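There are 2 protein chains.
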Amino acid sequence: MTTFAIGVDLGGTNLRIAAVDEAGNLISKTTLETEVSRGRDAVIDELCRATEQTREKYRGHADLCGIGVGVPGIIDSETGRLVESPNLPGWSDYDVKGDIERRLGTTVILDNDANVAALGEQWLGAGRGAETMCLYTLGTGVGAGIVLEGKICRGWNGMAGELGHCNVEPVGYPCKCGSHGCLEQYASATAVVRLAREGLATGAATELRSLAPAALDSLAIYQAAMRGDAVAKAVFNRVGQTLGLGIANVINAMNFPLFVIGGGVSSAWDAFAPALFAEVRLRSYVYAATTAEDGSGKGGRKRPTVIKRATLGGDGGLFGAARLAMMESATRNA
Amino acid sequence: MTTFAIGVDLGGTNLRIAAVDEAGNLISKTTLETEVSRGRDAVIDELCRATEQTREKYRGHADLCGIGVGVPGIIDSETGRLVESPNLPGWSDYDVKGDIERRLGTTVILDNDANVAALGEQWLGAGRGAETMCLYTLGTGVGAGIVLEGKICRGWNGMAGELGHCNVEPVGYPCKCGSHGCLEQYASATAVVRLAREGLATGAATELRSLAPAALDSLAIYQAAMRGDAVAKAVFNRVGQTLGLGIANVINAMNFPLFVIGGGVSSAWDAFAPALFAEVRLRSYVYAATTAEDGSGKGGRKRPTVIKRATLGGDGGLFGAARLAMMESATRNA
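Here the protein sequences come in this chain order: A and B.
Residues 1 to 334 (our numbering) are what the first sequence spells out, left to right.
Residues 1 to 334 (our numbering) are what the second sequence spells out, left to right.
Treat the hints as calculated values from the structure; they're not laboratory data.
In this text the structure is predicted, and so the values were computed from the model without any measurement.
Heads up, a few of these hints could be off.
Unchecked claim - Taking CB as the label site, the calculated pair distances span:
(1) B/S296 <-> A/L200: 43 to 53 Å
(2) B/R332 <-> A/L219: 53 to 63 Å
(3) A/E101 <-> B/A292: 42 to 52 Å
(4) B/T107 <-> A/G178: 46 to 56 Å
(5) B/S296 <-> A/E101: 44 to 54 Å
(6) A/E131 <-> B/K302: 24 to 34 Å
(7) B/K302 <-> A/D99: 20 to 30 Å
(8) B/T2 <-> A/S296: 44 to 54 Å
(9) B/A292 <-> A/Y173: 40 to 50 Å
(10) A/E293 <-> B/R332: 33 to 43 Å
(11) A/K57 <-> B/S296: 41 to 51 Å
(12) B/T107 <-> A/D99: 54 to 64 Å
(13) B/K302 <-> A/Y173: 47 to 57 Å
(14) A/G299 <-> B/R38: 28 to 38 Å
To be verified - Partial list, derived from the structure: chain A residues whose beta carbon lies under 8 Å from chain B:
(15) T2
(16) T3
(17) E78
(18) G80
(19) K97
(20) G98
(21) M159
(22) A160
(23) E162
(24) C166
(25) E169
(26) Y173
(27) K302
All residues carry an ideal CB built from backbone N, CA and C; glycine is no exception.
Work out the full structure, taking the sequences as your base and the hints as a guide.
Written out as structure tokens, the structure is:
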């Protein structure tokens with residue numbers, strides 16, 4: 001009998017449930033709307049109902065080894081509670097793991113959505129074959145996850161990988177975390193739109209001015225940048241420069257081999273990558289000493305630092321959540 | 001028979017050799033001047049001669065399990081060479097390990113001086129009992145070393161822990177690494193003197209003005225700060241703020257439990273610590289969520305993030321180099 005795990009990706013917009021086998025094949029996938037406005041209980045009800053359905057579907061045909069759930073927010077590994085979840089207002093200090101377990105009558109393993117997405121990319125995506133890597137997810141916010149020697153890096157309180165809140169501009173734009181100048185305020189889709197508005201406000205000539213306010217999104221700004229619009233190009237230069245500064249700091253600190261960039265804004269790679277690589281080279285002599293301009297090892301070295309795009313798109317978190325459940329099961333049975 | 005290791009600390013000013021037993025007792029210690037001006041060969045000659053003397057002294061009385069050497073500079077783990085050593089001009093791309101091994105006729109283990117100092121603090125100093133910690137050494141430059149689950153964190157190329165080159169001011173003071181605004185340019189003894197000179201240049205009233213240029217060192221500036229001199233206080237506020245920003249970024253990324261501050265400038269702890277803690281709290285909500293104002297765990301948590309002074313003074317590197325040799329020997333014999 002095939003062994004499989006259920007991966008759940010609880011997003012602020014969608015709730016997705018997948019059955020994945022040990023080789024990484026997607027057996028089934030369910031996508032539902034996350035009706036955040038109906039409140040926490042309704043969302044968790046829906047999550048448990050859909051998970052239960054997936055479980056029932058394969059009962060007798062395949063062995064379920066575990067259920068993994070990716071949650072947008074910081075989970076305190078000591079208390080098991082959600083510390084903060086900007087995309088799930090009112091969920092703070094909520095025992096999400098305990099609640100799901102009570103309803104399903106089984107243990108589940110829970111982690112931050114960016115952490116499980118990093119594990120997914122490391123298992124089946126851009127990080128395949130790498131033991132250690134760091135994923136940045138440039139979406140509404142900037143999420144990040146670190147896989148260290150094959151395992152999610154959680155740190156002392158389960159809060160490692162908050163790279164979206166690393167500082168790139170000490171006197172910078174205010175962040176809802178209480179600081180100002182966090183990477184998230186320069187490299188997220190939200191930031192791209194704000195930076196474009198700031199560019200418009202200078203009165204500079206730009207095709208963005210012809211767009212209706214609601215049409216000014218990161219895709220439209222990217223397309224303008226690729227057509228050579230100076231204001232739009234400056235926006236993505238800033239995205240690349242700040243992301244490059246953030247990555248350079250992590251390289252200097254941890255000398256990780258691989259950085260993978262995912263999330264919606266990563267589709268604008270062509271627009272921000274040149275500024276990103278220039279900044280990493282300027283800010284990290286660890287990078288500059290080991291990595292040639294073409295990305296290969298410098299001076300005959302076999303170990304350059306690689307920075308590249310994610311390959312699993314929005315499914316990284318689903319695969320990663322399933323993988324996490326498989327790893328947990330293997331540890332439990334060892 | 002007692003088992004011991006030899007630890008060597010090759011500094012830009014002093015060359016020190018110690019025999020340390022497995023319990024961490026210092027059996028003997030030799031301090032020589034590092035005559036850098038006489039050239040690399042003369043320094044390595046002297047190092048090998050003094051190491052040989054220590055080895056001979058205990059032959060037949062104690063078992064030597066290994067020799068560890070801390071070197072100021074970045075060692076490429078792939079090539080085994082010194083990539084850069086600001087304090088040892090002309091030593092770049094030098095096979096220091098191979099050269100010492102050929103002269104001594106035995107294997108030695110080599111690491112960056114800040115890495116071995118971190119291991120020393122973790123073994124016998126402020127990090128005793130901690131499996132993971134990060135040491136900043138605020139000296140002529142800012143060195144750093146990370147101990148991860150009991151071992152020196154080296155990273156992909158052996159260059160991890162370059163926290164002195166993490167950026168704290170994107171449009172900042174030029175650094176010899178090629179970037180500008182590195183932490184080293186704000187929190188080293190060299191930076192303290194430069195910041196004081198910048199304060200003097202504004203024309204502000206300060207007792208520092210009465211000092212002869214040669215007497216304007218970090219100790220004199222610290223003493224002025226503690227007497228309430230505004231210019232001197234501003235210098236150490238800047239030291240604390242930038243170090244706090246650098247530490248906050250590492251907490252957000254890695255959620256390490258312990259940060260230890262050593263080196264000469266750490267003697268000015270009272271002058272910079274308030275700004276440091278305020279900045280870490282502002283910039284890291286991982287810190288703010290877990291750590292109360294008095295440094296204990298917040299909201300009943302047992303796991304605050306701790307930031308404190310080193311306790312081994314200049315001997316951390318010696319003990320750490322010896323410890324490294326012991327760990328290497330244990331791995332070899334396992």
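Now for the hints, and whether the structure bears them out:
1. B/S296 <-> A/L200: 43 to 53 Å: holds (48 Å)
2. B/R332 <-> A/L219: 53 to 63 Å: Holds, since B/R332 and A/L219 (Cβ atoms, about 57 Å apart) stay within the stated range.
3. A/E101 <-> B/A292: 42 to 52 Å: At roughly 30 Å between Cβ atoms, B/A292 and A/E101 fall outside 42 to 52 Å, so the hint is violated.
4. B/T107 <-> A/G178: 46 to 56 Å: Check passed, 51 Å falls within 46 to 56 Å.
5. B/S296 <-> A/E101: 44 to 54 Å: violated (30 Å)
6. A/E131 <-> B/K302: 24 to 34 Å: Once the Cβ atoms are compared, 31 Å apart, the range 24 to 34 Å for B/K302 and A/E131 holds.
7. B/K302 <-> A/D99: 20 to 30 Å: Check passed, 23 Å falls within 20 to 30 Å.
8. B/T2 <-> A/S296: 44 to 54 Å: With Cβ atoms ~50 Å apart, the hint holds.
9. B/A292 <-> A/Y173: 40 to 50 Å: Violated: the Cβ-Cβ distance is about 28 Å, outside 40 to 50 Å.
10. A/E293 <-> B/R332: 33 to 43 Å: Distance hint for A/E293, B/R332 holds at roughly 40 Å.
11. A/K57 <-> B/S296: 41 to 51 Å: holds (49 Å)
12. B/T107 <-> A/D99: 54 to 64 Å: For A/D99 against B/T107, whose Cβ atoms are near 56 Å apart, the range 54 to 64 Å holds.
13. B/K302 <-> A/Y173: 47 to 57 Å: violated (35 Å)
14. A/G299 <-> B/R38: 28 to 38 Å: holds (29 Å)
15. T2: At about 35 Å, which exceeds the 8 Å cut-off, the nearest Cβ of chain B leaves the hint on A/T2 violated.
16. T3: This interface hint is violated because 30 Å lies over the 8 Å limit.
17. E78: A/E78 check passes; min Cβ-Cβ to chain B is 6 Å, inside 8 Å.
18. G80: violated (12 Å)
19. K97: violated (17 Å)
20. G98: Hint on A/G98: violated, closest Cβ of chain B at ~17 Å, above 8 Å.
21. M159: holds (4 Å)
22. A160: With a minimum Cβ separation of about 4 Å from chain B (threshold 8 Å), the hint on A/A160 holds.
23. E162: Holds - the Cβ of A/E162 comes within 8 Å of chain B, reaching about 4 Å at its closest.
24. C166: Holds - the Cβ of A/C166 comes within 8 Å of chain B, reaching about 5 Å at its closest.
25. E169: At about 6 Å, which falls below the 8 Å cut-off, the nearest Cβ of chain B leaves the hint on A/E169 intact, so it holds.
26. Y173: Constraint on A/Y173 not satisfied, violated at 14 Å.
27. K302: Interface hint status for A/K302: holds (7 Å vs cutoff 8 Å).
Going through the hint list in order, the structure does not satisfy hints 3, 5, 9, 13, 15, 16, 18, 19, 20, 26.
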